[in-house]
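**Student:** The task is to assemble the complex, starting from two chains supplied on their own in separate frames and drawing on the hints.
Okay, here's what each chain looks like letter by letter:
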Amino acid sequence: MIAEAGLAALWLAAALSLLQLLLMAAELRGLVAAARMIRAVAVVQGVLALFAMAMLLLVFVRTDLSVALVAANSHAAKPFIYKLAGAWGNHEGSMLLWVTVLALSGALLALFSRALSERTLVAALGAQGALALGFYAFLLIASNPFARLDPAPAEGRGLNPLLQDPGLAFHPPTLYLGYVGLSVAFSLAVGALLTGDVGAALARAMRPWVLAAWIFLTLGITAGSYWAYYELGWGGWWFWDPVENASLMPWLAATALLHSVAVLAARGALRAWSMMLAVIAFSMSMVGTFLVRSGILTSVHSFAVDPSRGTFLLALLGLYVGAAFLLFALRTAALKEGPPFELVSRESGLVANNLLLSVILGVVFVGTLYPLFAEAATGEKLSVGAPYFNAVAGPLALLLAALVALGPLLSWRRERRPVPKRLAVPALIAASALAISFIAAPGIGILPRLGLVAAAWLAPASLLPLASRNPLRTPLATWGMVLAHFGIAVALTGMAADSAFTRETLAAARPGETLRAGPWLVELRGLSPAAGPNWTAVEAELRASRGDGVLVLKPQTRFFTAPPTETNEAAIETLWNGQLYAVLGKPDGTGRWQLRLWWKPFVTLIWFGGVLIALGGLLALFGRAWRSFRKRHFA
Amino acid sequence: MSLKPKHQRLALVAAAAVAVLAAVLLAMLGLKDRAAYFYTPADIAAGKAAEGKAMRLGGMVAAGSIRRAGDGVTIGFTVTDGGARTPVTYRGIVPDLFREGSGVIAEGRMQNGTFVADNILAKHDERYMPPQLGNQAAEHQAGKTLQR
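Sequences listed follow chains X and B, in order.
Just so you know, we're using my numbering here: the first sequence kicks off at 576 and counts up by one.
Just so you know, we're using my numbering here: the second sequence kicks off at -18 and counts up by one.
This is chain B alone, in the form it adopts within the complex (with noise of 0.2 Å):
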């Protein structure tokens, strides 16, 4: 099979949208279950968190709430937006700057009404917030700005 130039070229391009379309459609396909939303407390009280399904949770660990299982591995602590407040518990080494009443965003989903963290995430930095805590955090210091 032998092509004349001008059909070649059409046959690149047509090879090339394909290309495109086959990684949109791919990308799209996968995307649909596979990404995580991000949810504070407050969004698992009102509901918006599917059971099992992989989810990012975020907000401050509130004072006091951290307690740790016999085994010496397995932790369990509260988060909190101010408002609203969800039990989690964590199976492994936490970050260094994880403390009570420090910002924290983890990784996992929710189970029979805790949420189980597959990973909790560092903040590496004195100066590192994560953009989307980094919102909530301001969006809180306005409201209790405001209380006052």
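Just chain X, with the same shape it has in the complex (with noise of 0.2 Å):
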């Protein structure tokens, strides 16, 4: 019955996101005043969407393997958190738990839009009912997560070990609240662009949409490549794999659009630019979607391969990115131009971020689809990989990091000071950086040098703004600017650090043995047996010693019996100064284990810099969040 319940309540929101549709017809025609009515429907949507994932949830937790979902990827014996986690491990309910946030954006849209004229709600209401509308059909035609098993097995088939793991838990809802709460702003953007009211007040609705969806997206990413990097064992944070992109190209359209609502909110410029960006953001989360979902590139990601499934999410793809695009074409003309700035101000620096960052999208989805266009038009097999996205998207983030410094030491409109006299420390650091580099580590690459000089210039600029300012005056909003723009310096850091002072060792030892792991000597104990809930394991003990203190290592290779797989349970140590890694591999028949070894200086910078990034968007936030309640309830 529960299973049917969910199919019912998902049934029952398909139809109301058909209802919404209808009534911005209706609205934009002139035949009824439809807000009040709408904003009800999308609120309901919303509910009905958390009724069915609160089902999905509640069948994995039961484990009820006459779902046939539940049978496919569950297990009875295994950890309660896993359960919950099964219920988006997998196409179907992963797919469920997108159109969830999808419909429950709606729902929070309908609630708290304030600013935005009613028209324009209305429209933007219907558009997030017409994306609801085909995903809805998308799940109850090609992806039913409800469907019966009969007769139901005995037992499950169990997650696949990999995703058993705390990251996994909270991994894919945190990048969906980000791929999906941009649909807003899409939908924000062709309300706006139907009803012609594109302006600073639709800006100002627009941002908090933006800046959460990016918060998660940058979490989702920062969590998602610290998990890659414990779980996968290879010792690398980014492998350029498509799904990676598949995330990395929304967040660097939602970049690109923060900034661009920026200057949209404060100056009322950039308008059809930034309605552009808000299309292109949501379309990017869509492709994003289809290439994981559909299973079309070859990625650590794939599930299995179902080509009518791809041809579905493909189909609504091109329905609504061509639709927004057509729209986009034919209302943009009569857009009002937005008020002039000069070559030198803060607008045009925005612009030059907002360039650089669709730079660095086109090379990466170039990339990354690369390999689909050439099959298609030469039937030649190829993959595109990290040696492409360094060389060439490399420089250019290379470039944007180092431009970061100056943007937010430019006025509005116009910049009349010399702006070059404030960034002499700066530049001062950078070039000590540089000369130090050359003397301390004379036989790094090149991309990882200037990485280092980049963020010596990047991280004393981006506290200029903080500079002669009252820190207590200060509003939260700067304060959030300063700490991502000095986020970003962190994790430059962190990136270059890892690719120029890496050291590897890769060896077979024998228990008493002792390997050099660059400055650390390592000596394998012994091995032991070890188990857990439903695993059983091989645990090597290593020491390893660097003049005063001693670590102890315990990486595991692990066996699961369901289903059956091995998996390699790194063993990461964390000192402030780095990480020493370890992962045990395979007996090599004479008595001798493999053993892998990393120590990566100041790797961890790379994650802590993300959150950084992360944190200083919340603070943004919450910032423009108050100042906004102060002005309505104290002014």
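These aren't lab readings, by the way, just hints derived from the structure by calculation.
Just a sample of chain X residues kept apart from chain B, beta carbon distances all over 12 Å, derived:
(1) Asp639
(2) Ser800
(3) Asn1045
(4) Arg1048
(5) Thr1053
(6) Val1127
Across the chosen pairs, the derived CB separations fall in these ranges:
(7) X:Pro1108 to B:Glu32: 45 to 53 Å
(8) B:Leu(-9) to X:Ala898: 20 to 28 Å
(9) X:Leu974 to B:Leu(-9): 21 to 29 Å
(10) B:Gln92 to X:Glu1088: 29 to 37 Å
(11) B:Leu10 to X:Ala580: 52 to 60 Å
(12) B:Gly57 to X:Glu955: 27 to 35 Å
(13) X:Thr886 to B:His(-12): 44 to 52 Å
(14) B:Asp99 to X:Leu1150: 24 to 32 Å
(15) B:Leu(-9) to X:Met612: 37 to 45 Å
(16) B:Ala65 to X:Leu974: 42 to 50 Å
(17) B:Ala31 to X:Ala1106: 43 to 51 Å
(18) X:Thr886 to B:Lys13: 26 to 34 Å
(19) B:Glu32 to X:Trp987: 54 to 62 Å
(20) B:Glu32 to X:Ser986: 54 to 62 Å
Predicted, not measured: the structure shown is a model, and the values here were computed from it.
Here a beta-carbon is modelled for each residue, glycine too, at the ideal position from N, C-alpha and C.
**Tutor:** Pasting the structure below:
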């Protein structure tokens, strides 16, 4: 009954999303004033989708094996948290989560948007309904999560052990909040293009959504990167895997949108430009969903390939993106031009930011999809990986990081002061970093060296907007911007240090033997069995020493029973100045065990920087919310 | 320098067009020699793969072909597509599902007739089959059925 209730809720919600679309059409034709009704419909639709998601969680928690999805992905002997996470660790469940977030975003938009004109709000909710309708259809026709299995099997097949990790429990939902949060920016842009109401008020309504989605994307990407780093046991933190790129592309677009919406909100400029970016940002989310869910590209994330689902998603993608671009083409000429600005101004700085981010986005997009086009055009199979992305996107990203130092120092409309004077200290620090890097580490690659220099330049420069200001009277949003920009410098330091200074050792060792990994001496003390709730393991005991301190690391090779799989459980020891990373391989048949050791100086700064960037976004979000709250209630 | 709003919009449109063009040009230049083509042992036997160029090799690990070197971390094996065979060496820890008779994709380059792999791609899931290999296995299966 639980599964049927969930399915019924999905059908109802689909009907309501259709109603939203119809109400929008009626409102735009001037037939009815639909604002009150469409708000109510959007809220109920959100509640129904949430109910369906709750029903799916319930059948997973109860391990109801008569539901096909549970039988294929769960197992009675699985820890509770992974039973929950198993609900979205598969195609159907993750699509339901996607739609649920989409519907809830619509409901929140209906409940909390105040600044918008009623017509624009109705149009935006109609657009949100249209988006939801397509994805409900996809669920109900091609990916029903509640399909029954008759007869029910005696036991489920279990969840992929790689996914049985606390990282998994929160990584996909976080990313989805980001992906789908951008749908509101898309709907608001479409709504505003329909009503012609593009201006500062729209930007102020759009900004919290973009900011929140961007925060979730930042956190999701950071967490996903760390998850891949410790779970895959490859010692890397970014693989330019198509699915990683699928999360990076919306992030790049959202970052650009965040900055252009700031211009629109503050100055009323960059109208058409911001609408375009809003459309592109959510389009990238849908492209990402298509890439991941169709399994069309070779990827560590690929699930079973199902061409009919891929075609369905591609048709939806084409429909929504095509319609939005058509609307943009038809309406953009009618938009009023924003107020002018000079070549040296905050606006121009933000345009430069947007252009560079767009070029990086284009480069990642082409590289990610090129294998598809090449195969379709010539039948040749190929893959595009790190050599391409690092060589092409790397220098652009460094240029952008260097320019981030300048933008916040410019004033709106027209900059009169000589800006370079204020950058003397950062320039001096960057020059010293360059000199020191040549003396201390002459052999490192050019990109890591430039990365270190760019970080040394950006870190002090990003703090300049706070100089000569009273810290207590500086708006929270400014603190947020400074923190996020400083976070870029921190993450950049980690990336450059990792690729410049990592030391790797790969060898087979007998118990009692000692290996060298960078500055560390690592002794293999012995091996012993270990066991967990649904796995057994071989565990190595390693003693790592460097002068004074001694660390003990215990990497494992785990054997899961359901489904039968082996995984490597890396042992990672975090110190203030880096991480020691150990992976236990296989026995070589002569009493030796393969060991792979890495010493990675300052690698943790990558994720620490990511968290700082997200935290900066959070400060800005709260700062703005508090300000508008205070204005409403105390002004 | 101050522009009229209309001219400013034109300038922005031009800038956007330049950005899009730049992105496509940069991408194409970068892809020219950095895309790794996917080859089967038959392609390599036909001389399609250039020495030293990054590429991917896909096929099945031939039965009885896995040999371990004295250092304990280097292995050699043969990849086959049913007909042609390519010798492969790899220094590293092989993924969990790497075994004789199973599908494999290796990243690396040809050196003196041997494929030197930097990376052996993991099959993370019982159900996971790289699409490229999926087709090939299906074709191989179909071929076998026809022969019977």
